[in-house]
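Chains as they are written, first to last, in this note's numbering: chain L, 1 to 298; chain Z, 1 to 683; chain H, 1 to 190.
Honestly, the hints are just simulated from the structure, not real lab data. Check each hint, because a few of them may be wrong.
[Said to hold, decoys possible] These stretches of chain Z come out as covered by chain H in the derived footprint (C-beta under 8 Å, 3 or more residues): (1) 91-102; (2) 392-399; (3) 448-458; (4) 477-490.
[What the hints assert, rightly or not] Restricting the straight-line Cα-Cα distance to at most 16 Å, the calculated cross-link-like pairs of lysine to aspartate or glutamate (EDC-like) are: (5) H:K182 to L:E103; (6) Z:K236 to Z:E318; (7) Z:K474 to L:E218; (8) H:K125 to L:D38; (9) Z:K342 to L:E218.
Backbone N, C-alpha and C fix where the C-beta goes; we use that ideal spot for every residue, glycine too.
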Amino acid sequence: MKYAYYPGCSLEVSSAAYDVSVRAVAELLMIELEELDDWNCCGATEYFSQDELTACSVIARNLALVEPRLDQLIAPCAACYLNLKKTDRLMAEDAAMGARVNECLAAGGLSYQPGRVRVRHLLDVIHDDVGESAVRDKVVRPLAGLRVAPYYGCQVVRPAAEADCSEYPMKMDALFTWLGAEVVHYPVKAHCCGGHMTQLSEPMAFELIRRLLQSAVEYEADLILCMCPMCQLNMDAYQSRVNGFFQTSFRVPVVFFTQVCGLALGLEPTRLGFGKEIVPAMPVLEARLGAAPAASSR
Amino acid sequence: MAERLGIYVCHCGSNIAGTVDVEEVARWAGTTIRDVVVSRDYKFMCSSLGQQMIEDDIGQQKLSRVVVAACSPHLHEKTFRRACANAELNPYLCQMVNLREHCSWVSTDKVAATAKAKALVYAAAERVKWQEPLEPMPVKVNPNTLVVGGGIAGIQATLELADAGYHVYLVERSPSIGGHMAQFDKTFPTLDCSACILTPKMSEVGQHENVTLLTYSELEEVSGSVGSFKVKIRKKARYVDEAACTGCGICTEKCPRRVIDHDFEAGLGYRKAIYTPFPQAVPRIPVIDVASCIWFDRGKCRACEKLCPTNAIALDQEDKIIELEVGNVILATGWQLFDSRKLPQFGYGRLPNVFTNMEFERLCNAAGPTSGKIVLRDGKTEPESVAILHCVGSRDVNHHEYCSAVCCMAALKFGHLVLEKTKAQVYSFYIDMRPNQKGYEEFYQRLLEEGMHFVRGKVAEVTDATRQPAERGKLIVQVEDTLLGRQRRIPVDMVVLMGAMEPQPDAKEFGLKCGISCSMAGWYTERHPKLDPVATMTDGIFIAGVCQGPKDIPASVVQGAAAAARVQGMIAKGTVMIEPIVASIDEKACSGCRICNNLCPFSAIEFDGEKKVSRVITALCKGCGTCVAACPAGVITGAHFNNRQILAEIGGALWDASPVLEDARAGADEPADEEAESALSAR
Amino acid sequence: MIQHATDRRGSAFLREVIENTPGGQRILHCLQCGSCGGSCPNGADMQYTPRTVFAMINADEREKVLTSNTMWCCVSCYFCTTRCPQKIPITDVMYCLKRLAIRDGLAKDTDAPALAKTFTNLLDKYGRSFELGLASRFYLFNKPLAMLRMGPLGFSMFTRGRMSLVPKRIKNIGQLQAIIAKARQLGGRS
Chain L
1 MKYAYYPGCS LEVSSAAYDV SVRAVAELLM IELEELDDWN CCGATEYFSQ
51 DELTACSVIA RNLALVEPRL DQLIAPCAAC YLNLKKTDRL MAEDAAMGAR
101 VNECLAAGGL SYQPGRVRVR HLLDVIHDDV GESAVRDKVV RPLAGLRVAP
151 YYGCQVVRPA AEADCSEYPM KMDALFTWLG AEVVHYPVKA HCCGGHMTQL
201 SEPMAFELIR RLLQSAVEYE ADLILCMCPM CQLNMDAYQS RVNGFFQTSF
251 RVPVVFFTQV CGLALGLEPT RLGFGKEIVP AMPVLEARLG AAPAASSR
Chain Z
1 MAERLGIYVC HCGSNIAGTV DVEEVARWAG TTIRDVVVSR DYKFMCSSLG
51 QQMIEDDIGQ QKLSRVVVAA CSPHLHEKTF RRACANAELN PYLCQMVNLR
101 EHCSWVSTDK VAATAKAKAL VYAAAERVKW QEPLEPMPVK VNPNTLVVGG
151 GIAGIQATLE LADAGYHVYL VERSPSIGGH MAQFDKTFPT LDCSACILTP
201 KMSEVGQHEN VTLLTYSELE EVSGSVGSFK VKIRKKARYV DEAACTGCGI
251 CTEKCPRRVI DHDFEAGLGY RKAIYTPFPQ AVPRIPVIDV ASCIWFDRGK
301 CRACEKLCPT NAIALDQEDK IIELEVGNVI LATGWQLFDS RKLPQFGYGR
351 LPNVFTNMEF ERLCNAAGPT SGKIVLRDGK TEPESVAILH CVGSRDVNHH
401 EYCSAVCCMA ALKFGHLVLE KTKAQVYSFY IDMRPNQKGY EEFYQRLLEE
451 GMHFVRGKVA EVTDATRQPA ERGKLIVQVE DTLLGRQRRI PVDMVVLMGA
501 MEPQPDAKEF GLKCGISCSM AGWYTERHPK LDPVATMTDG IFIAGVCQGP
551 KDIPASVVQG AAAAARVQGM IAKGTVMIEP IVASIDEKAC SGCRICNNLC
601 PFSAIEFDGE KKVSRVITAL CKGCGTCVAA CPAGVITGAH FNNRQILAEI
651 GGALWDASPV LEDARAGADE PADEEAESAL SAR
Chain H
1 MIQHATDRRG SAFLREVIEN TPGGQRILHC LQCGSCGGSC PNGADMQYTP
51 RTVFAMINAD EREKVLTSNT MWCCVSCYFC TTRCPQKIPI TDVMYCLKRL
101 AIRDGLAKDT DAPALAKTFT NLLDKYGRSF ELGLASRFYL FNKPLAMLRM
151 GPLGFSMFTR GRMSLVPKRI KNIGQLQAII AKARQLGGRS
């Protein structure tokens, strides 16, 4: 199946591991991704704080750029996913707003018919479209013995409950069960990591991150799987700052779910962006799954 | 001889007069419409003065036809027909025009509304001239009554009718009567034991000479109309011979197959494959649940059959269809509990010590799975703290917009039981406290005195995600204490969710089967929410209890009694007058093609095999007009809606249209000859 | 100081918030149940919980609300919106309050407006976000000393190839800029 693909700015460099593993896993699972030509940044939450019409128009440009022959768009970044979906819905539900957004798009020679493109996340594409038997068939290296904490974050499951249940999502749990892993109980799986709060108020932000790390440790997870670049950055890059602030000693690897999924499907760690995470994941992966063929721990 | 018309235009206060220039319409009618002898406008035509005005005019002005332009016939058609009857004018020579729901209430344009009002009045005036005197038909009221639903409302209705000497068929879907009330422990505010006050009534029903109890049965079909309904009831096979069974219980004791009881025990206890739902069941005759019985599954066992001392097991029993004739039907079909898994933030189904209200009732009940001990899901640990969450599924536009009426009181009751039976602290988390009936506010005060804690805030989530060591091993209730304006995390051992009452899953289709409809929320629609809560728009079908809307036990009892009283009134009167707006077939002209027979939605047309003609069964006919339209020979007439009348009405509505239509109307008025005239009248 | 409790007539602020929030009409249905305040991950740190803010909006307390820290603590987790039994778009109301506070210069004790502006300036110029540029400009102009604490993090990101030193510009930046210019000209809902 063919899908349009919107990587989002973070996947270019700071979360390149996500992009690389998304593409690798998609290829193996017969999910054909066609990157949008010349897509622009979705603006995260920053335009919405200033002007709603500008925010929607900036996002809508990407929806307008989706090739007419494609009607589904995958956005792996949670903020991008939310923005694209939210804008599409707003334009559909508020006709006046939709018309004004199209007026702005017209200034750039573009237009978008709300509802034309269905915005998806890779997780629900794998779970719903590819499905259990197809995934199980492709498992080369079951993740037996690996204890994973599936972290969904907020913006993929809320406010739209399309990708998964808003309160207690289970699709990543299911996927990793199919891949042979041990999915631990992770009650904060859909709680917020704080987003850009790290730039505004460290005490508030660090507390949100601490809760997520603490829960993973409490339930003895080997690593945390996530599906948003912001979440990964917060929980991984800021882990030492959190330790400093709370006098804790967390050392929990946080990687993208597609990276570990790729391992189960037989791909080598180097092809999946391992080594880019600050708290290294390879040690626990090798301990549980054995050394990967021709892999290094970088 | 020309008719003498009286036109009456009602102001209805400002309801009509605010948008329609009623004085102008009355004035114009008097001068423009032919044959109008008197044309008046009045503030409230439905008042006794208004009616008197009509009666006086009929007498003094020798009126032969009356047109009342006012509100909907649903409200006052009977009123004005009665006024005419009082003045000895046949009531069917009176026509109402709806200037309110069809005119003033749907327009803000005064000019357009007044013009429309004129057209509507002219239409009625032209029509009424062709109306004929008709007589309502008396139908005997069958003194038997069908009550569907054996909960407290149905039981009350049954007993009232049976005690008055009339026969009642009580149909109940589950193996025993009693309904949800049989599951409760105590009832608020008196803290009476629920079974203790219910079972005497259940016994009475079971033994009453005037009651035929049909449990484990479903109403499948209803036909006919008020006074004479024909109903088909499916008595499901119990696989037990009721005549031989003594209710000794050996079969249940010896049955090797034990399953979780999701119904009566709310999933907390067990029952056998052959079972009675609870010890005080009426009738005390067990039922075999085919889905869990070993014999029906793989052809083995038959222990019950072997051990029954009276040979009452009948494994080859089949469902039986029972056909009955009754005069009235009372629906008291009750409710089901909201599925709290639809609100995952409360953890029901995932966190073991989160319970629903029904589960908690069973815990408290002395005959329940824990013999009345309030313990956690492990069956033994007593909680040290209990949180009761109000409004789970109610007052929530994502699920049910309405308030379920009883949960605040039930929560107080639960609080009391926790304080009485355990040493635990108990919290109520509410948005509003609604103890609003007799003794209810006092009960709230009692709980305040007993030390129940109240936090005003709808709980945001129940979680096992701890933030600090002190929270480990507990369920955390996270809430905003709105009176403090501060978020609180309260660790408790047990959570009770006050789930909403919701309509039965098949309420809508069942209602349609009986000819009644539901509101948007799914509760049955009463005839008038304020003034007629137990009658429906279908004569002879009544509703009582929660199926009409969430309510407590006293209110259900009252509605059951009210419905019974209405039925008693009908039976005492003996006959009910059927509207004469029915179809009739000209047997001389009927060719016997029988096209109409199967089209009738009320099965009101029969075929006379000898004469080879079709005939309308007047008592069943509702005057819908389907057969009239379908007859290829045009030999069926709809009384009060014949072609002459309808064409005249159309002509009247187009009173100010082009002259071409004028001529056509004139043509319709003057028949060429007598034969054509009779043909025209007959259509 | 003597306080008089007299209210002004009606709540113009309520009208303003309803008009400037998509689906804002639902605000009229607030039961003050507190699901939002109870759900908020930062609820304990806000000056006024979201529910309190709705009560204040109803009471026309415009300045108090727009100078509060409530909306700046919002992390857009949407728990409140999902759980509100009256389907009030609470997170969107928070965005509306942010817009009004920035527009009227009432934002107090927060760097969020500066972060937002810095981000969108880069977006306007390049069509893509540029993390190094964002971080350096934002910290330099708003909290330069905090930059020192960010050093180690920046370094570990850089050594793992997770930091780009130069911005990337989209090909058709003119198209995007035309769209943005039109939006600014039309005036969005704020």
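Verification of the supplied hints:
1. 91-102: With 0 residues in contact (Cβ-Cβ under 8 Å with chain H), the coverage given for the region 91-102 of chain Z is violated.
2. 392-399: With 4 residues close enough to chain H, the hint holds.
3. 448-458: holds (count 3)
4. 477-490: This one holds; 8 residues, not fewer than the three required, reach chain H with a Cβ under 8 Å.
5. H:K182 to L:E103: With a Cα-Cα distance of about 8 Å, the restraint between K182 of chain H and E103 of chain L holds, given a limit of 16 Å.
6. Z:K236 to Z:E318: Cα-Cα ~7 Å, so holds.
7. Z:K474 to L:E218: 14 Å, holds
8. H:K125 to L:D38: Roughly 15 Å between the alpha carbons, so the hint for K125 of chain H and D38 of chain L holds.
9. Z:K342 to L:E218: 28 Å, violated
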